[in-house]
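Going down the list, the protein sequences come from chains A and B. With the first letter of the first sequence counted as 1, position 228 gets the number 228 in my numbering; the numbers rise by one all the way through. With the first letter of the second sequence counted as 1, position 17 gets the number 1017 in my numbering; the numbers rise by one all the way through.
Treat the hints as calculated values from the structure; they're not laboratory data. The structure presented is a predicted model; accordingly, all values stated were derived computationally and were not measured. A couple of the hints might just be wrong.
[Claimed, not checked] BS3-like mimics (lysine-lysine), calculated; alpha carbons at most 25 Å apart, straight line:
#1 K9(A) <-> K1133(B)
#2 K9(A) <-> K1124(B)
#3 K1089(B) <-> K1124(B)
[Stated by the list, open to error] To list a few chain A residues with every Cβ distance to chain B over 12 Å, as calculated:
#4 K9
#5 P84
#6 L89
#7 T163
#8 Q213
We put the beta carbon where it would ideally sit given N, CA and C, even for glycine.
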Amino acid sequence: MSSLREIEKTLTSIWMERQPVESAQSLNCLLETEEFDADGARLYARLIGYGHTDVLTSIYPYCAQLLGNNWEKVVKKYVQVFPPDHFHLNSSARRFPQFVAEHCADLLEKRPYLTELADYEWLEMELLEVDTTISVTERTPLSNPQAFVSLGPKLNPTLSVRTYEYPIQTIVDLLDEGKGTRKKFAPERSHIAMYRDPFSHKVRIVELDDNAQVLLSEAAASSYADLAKRCVELNPNRNPESAITDVIELIEQFHEINLFVGERKVG
Amino acid sequence: MPDFLDTKKRLPNLGIGLGLRRELAAETLESKNRIDWLELVPENYMGLGGACRERLESARNEFPLVTHGINLSIGSTDDLNSEYLSKLKKLLDLIDAPWFSDHLCFTSCDGIYMHDLLPLPRSKEAINLIAEKVKRVQEIIGRPFLLENISYYMNVPGSEMNDSQFLAEVLEKADCGLLLDVNNVYVNSLNHNFDPYHYLDQIPLERTVQIHVAGHKQGSEYVIDTHGSAVIEPVFELLQYVLERVEAKGVMLERDQNFPEFEEILAEVDRIRKISDAANEVRRSGSAPRAASTLKHYERKAAPLGRKDSAEVKHARVLSA
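Please put together the full structure from these sequences, using the hints given.
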């Protein structure tokens, strides 16, 4: 008589399409007169497969759009390589960027930015759900010179900054317009800041230029004055006064869009 | 823990509830005058922040809450998942749920989560395993636990008894409560050709703490538990049959997809309340409960299940955040 363990393992293999339905005939718990319910097993395999495709499509709509008819095949292969290993449904999709990087050489040949696009899409999902409390605190106007030196920005704790080798945001924008699925994109370094808004709980995405990316990466440990100084250093050919005006504007913008969520005392 | 039937006596009467679903959350939270309590899928809230957390906070400020899990995987031969239990306990403590529930099925094996409610072989070995795991879960969580009868679409090899015997033995041996899904009973009776009233007579109905009422759909080969249609009369009749015989501490409507105007959902909640009130009156007065209805069974078609049906089922049965 097959044990419960053997039955569960066999059914799991069939339902996850790792073994053909016929393999169930090896279970010696089947009575001589009993046939394995192959139709039922195939139905569950289909249901489980559709579930995987649904969740991957909802998390990676741009990858799905790009891959078109290939998408379901890619999802199927992904599930074979990285079967869902967590009770949280969305988590079953977390290793898709890794899968693309390690197992999709053929797709990357045509679309070398696909791994970065998948990373972008997963990051958005992750930030939507991350269990982080974002507290927004009052701030002092930067017109006060003392505040400029003694205070620095408090970063939104969900903030994540990515540097991509391809213009991922441009690709996403084109896909949103229904374009770009056949377009070739040349490498072009881009920086993306992604974070969750503390009020709407939606994920906000900001494209940064090189200087803004440097300033943001140093903001957590800097005063406003440090950031202004750094901005002047990064722009040696510009009028320092104008560079400082720009950095103040940038800081104000970051506060307005809740990328900065308050201030902290420095020193 | 004391005997479950003693425990049941001390559980609060929650009344008539609705499943908390993201798509209906705003209207649900504004309908306190017609909905008594809410049931939520814990996996959609455990360890999650943002909009999920905000929705949970709003719900717990307005309603009594219980959870109905999908991934405890009580029938799996894998060990219980300690991370899952720890997060579930934290959530249950936060909402102070009077009870919690999951399905009589398995959803994982060898650490692989299939994210579907999968039928078990109805064997003595499965009963012993589930009973032992239910006891451990109740000890860890420290709150009364209910198991729900699932809808199933295949006969699993290794079964030694029918579904009602299996459910009855699990409940008795595990000494836990029953979350009776009357729509699942109805759907299974059509797909597997048995009398749903006879089924109800064979299980320990006195262990019923909560009842699910839902709609289903005729697929091309099976009747599918979609939670995406209006509840039909035979399902309401099963509800009445049960409530005239035993007290349930909460009855609720599950609606997970193909959402109608919210007023239609509230009208179904009202209908459940009416049936519940009338049935409770019959039970309390000692009048003769209604006899079993004769059900008109659907013909099962031979064609394979179409993709559209399957995708809908999937959404109904496994809920994402």
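Hints versus structure:
The suggested pairing of K9(A) with K1133(B) holds, with an alpha-carbon distance near 19 Å, which does not exceed 25 Å. Between K9(A) and K1124(B) the alpha-carbon distance is near 18 Å, which keeps this suggested pair within the 25 Å criterion. As the CA atoms of K1089(B) and K1124(B) are separated by approximately 29 Å, the hinted pair breaks the 25 Å bound. Non-interface status of K9(A) relative to chain B is broken: a Cβ of that chain comes within 12 Å, the nearest being about 6 Å off.
A Cβ of chain B approaches the Cβ of P84(A) within 12 Å, the least distance being about 4 Å, so the stated non-interface status is violated. At roughly 5 Å, the least C-beta separation between L89(A) and chain B is not larger than 12 Å, which violates its mark as non-interface. With a closest Cβ-Cβ approach of about 25 Å to chain B, T163(A) is found to remain outside the 12 Å limit, as its non-interface label requires. No beta-carbon of chain B is positioned within 12 Å of the beta-carbon of Q213(A); the least distance is around 25 Å.
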